[in-house]
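Undergrad: Please build the complex by placing chain B on the supplied structure of chain A, with the hints as guidance.
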Amino acid sequence: MSSQDALAEFDTHALDITRIFDAPRSLVFGAFVDAKQALQWLGPRGFTMTHLDWDLRPGSAWRGCMRANDGRELWHGGVHREVTPERRLVFTFAFDLADGRRGPETLVTITFEDRGSKTLMRFHQSGFVTPRDAESYRAGWESEFDQLTRLLDRN
Amino acid sequence: MSDPLSNVFSALADPTRRAILARLARGEASVTELARPFQMTGPGISKHLKVLERAGLIVRGRAAQWRPSRLRARPLKDAADWLDHYRHYWEESFDRLDEHLRKLQTKGKDGE
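First to last, the protein sequences are chains A and B.
To convert a position in the first sequence, counted from 1, into our numbering, add 6.
To convert a position in the second sequence, counted from 1, into our numbering, add 8.
Simulated from the structure, these hints should not be mistaken for lab results.
Wrong hints could be hidden among the right ones.
Said to hold, decoys possible - Here are the simulated DSS-like cross-link-like pairs (lysine-lysine), alpha carbons at most 30 Å apart as the crow flies: (1) Lys42(A) to Lys111(B); (2) Lys115(B) to Lys42(A); (3) Lys124(A) to Lys111(B); (4) Lys124(A) to Lys115(B).
The shape of chain A in the complex, shown without the other chains (with noise of 0.2 Å):
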């Protein structure tokens, strides 16, 4: 086996969420734009977003902090690379660890597209080293992807 395929083997992996909203994709573009709106809905439940910077020129940091319910804050940002109006965002993203440092590094891409008089969006995010759950990989590994996945499930 050459060195090269043996390099190819624990791909990064990638999260992939599409969904359909129920609004014209301006609306929903607008949402993502419009910091005073990203305010109210991002972050997961028993956070509340707290800081925002959110200048979408491509080349310009972001920052925003959001809090837990107990209190603690959690930093992240990234840089945008991307901005097509209404049809596709593309920004780094990396959530700060407990040193201050930042933690690795992750690209999200996010697309919309009509449907009708609703919002088809596509949102992809990659750059996580996971070989847990690496989908494909090349013939010959199997065995090794299985080992390794059986040693991850034990612990």
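TA: Coordinates of chain B only, in the frame set by chain A:
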């Protein structure tokens, strides 16, 4: 001391180190055995092993000549859990966005 998880992530960022882990998932191996498929020198592999050891992803035997490396799975699992955090973050955000859009449109109609 730096955060253990960020050490794990920077260790995993390198494709050679990920391939080394894949090999170690099959069982422990010496530096020579690990170097073979990568056409790398012993010192080159040792450098990678040091990074993996610091991240807690492997443990190395103490015998001077034969220092087999062994995989530790726990930190890998913690790294994989990050994906779940993000899924949670976005799925719930989009639920709230759905409600937000509904409210916006109701308001719009009321104003007409």
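Undergrad: All the hints need checking, so say for each whether the structure fits it.
TA: Consistency of the hints with the structure:
The suggested pairing of Lys42(A) with Lys111(B) holds, with an alpha-carbon distance near 15 Å, which does not exceed 30 Å. For the proposed pair Lys115(B) and Lys42(A), the alpha carbon gap of about 17 Å is at most 30 Å, so the pair holds. Using a Cα cut-off of 30 Å, the hinted pair Lys124(A) and Lys111(B) holds, with the two alpha carbons roughly 15 Å apart. Distance hint between Lys124(A) and Lys115(B) is fulfilled; the C-alpha atoms sit about 18 Å from each other, no more than 30 Å.
Checked against the numbered hints given earlier, the structure satisfies every one of them.
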